[in-house]
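Participant: Sequence:
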Amino acid sequence: MDTKKTILKLTQTKENYYASLVVDGMTAIVFLFYALTLSEDAWATLALFLIGVFFFTFLEYAVHAWLFHLKHPFKVFIDGHAHHHQNPKSYDAMPFFMSAVIALLFVGLFSLIMRQADAFALVGGLALGYFHYGILHHMMHRKRFKNNYLHYLQIFHAVHHKNPKMNNGVTTDIWDRVFGTYQRWCDDEVLEKEYSKGESLHVS
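The sequence shown begins at 4 in the working numbering and counts up one residue at a time.
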C-alpha cells in the first residue's frame, strides 16, 4: 500500500473536509470549557484564550509560507497544498482527527512550562483561530464577499493564488507586511480568474 497516496486521497474527500471543520470547532469549545473548569481566574483564562487566537495568525502564515511553499523533505505537505492551488474549490484538509491530536500534543508540551488550565486555554485559542481560518478560507473560494474588509481579504488571498510566494495569510495581512511578502492587486478581476473558472461568484 502506498501510504502517501492513501493520505492524499483521504485529505481530498468532502467527508473528511467537513468532519475537519466540526472537529476544529469542537476542539476549541471543549478546550476552553475544560480550561475554565480547571482555572482559578476565569478572566486570565479568557485572556490566554484570546492570545492563542491571535498567535494562530502567525502560525497560519508560517505554515502556509514555510511548510507549504518552501522546498523541504516532507513533500506530502507541498503536494497536498499544490492540489488546492490547482483546484481552489476542492475539499483539501488534513485527516479530520489530526488537528485534535496536534492540539493535545501542544497541551502536553505547554503543560511542562505552565499550568494545565493555561495550556488548555492557549491551545483552545489556537484551535478557534484554526476553525476561523477554515471557515473563512472555505467561503473565500465559494462566495464573493460584500463586506469591505472581507472583500479585501478575498482579493488579498486571490493574489496568493496568482503568485504563491506572496500574501500567505488568510485571516489577516499583518504577517505578510512584517515579513515582506505583501502584494496588493489593482482590481477585482483576479477573483474571476482565480476562483470562478468562468463561473460568477455569488454575493454574500
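The hints are simulated quantities; they were obtained by calculation from the structure and are not laboratory data.
As the structure is a computational prediction, the values presented were derived from the model and not from experiment.
Please note that the accuracy of each hint is not assured.
To be verified - Label pairs and their computed distance ranges (CB to CB):
1. LYS165 with ARG145: 12 to 20 Å
2. ARG145 with ILE116: 19 to 27 Å
3. ARG180 with GLU18: 31 to 39 Å
4. LEU139 with ILE32: 12 to 20 Å
Claimed, not checked - Calculated lysine-lysine pairs in the DSS-like style (CA-CA distance at most 30 Å, straight line):
5. LYS17 with LYS146
6. LYS149 with LYS165
7. LYS149 with LYS12
Each residue gets a CB set at the ideal place from its N, CA and C atoms; glycine is no exception.
Participant: Take the hints in turn and mark each one as holding or not.
Facilitator: Outcome of the hint check:
{"no.": "1", "hint": "LYS165 with ARG145: 12 to 20 Å", "in the structure": "holds, 18 Å"}
{"no.": "2", "hint": "ARG145 with ILE116: 19 to 27 Å", "in the structure": "violated, 41 Å"}
{"no.": "3", "hint": "ARG180 with GLU18: 31 to 39 Å", "in the structure": "holds, 37 Å"}
{"no.": "4", "hint": "LEU139 with ILE32: 12 to 20 Å", "in the structure": "holds, 18 Å"}
{"no.": "5", "hint": "LYS17 with LYS146", "in the structure": "holds, 18 Å"}
{"no.": "6", "hint": "LYS149 with LYS165", "in the structure": "holds, 22 Å"}
{"no.": "7", "hint": "LYS149 with LYS12", "in the structure": "violated, 34 Å"}
Taken one by one, the earlier hints fail for this structure at numbers 2, 7, listed in ascending order.
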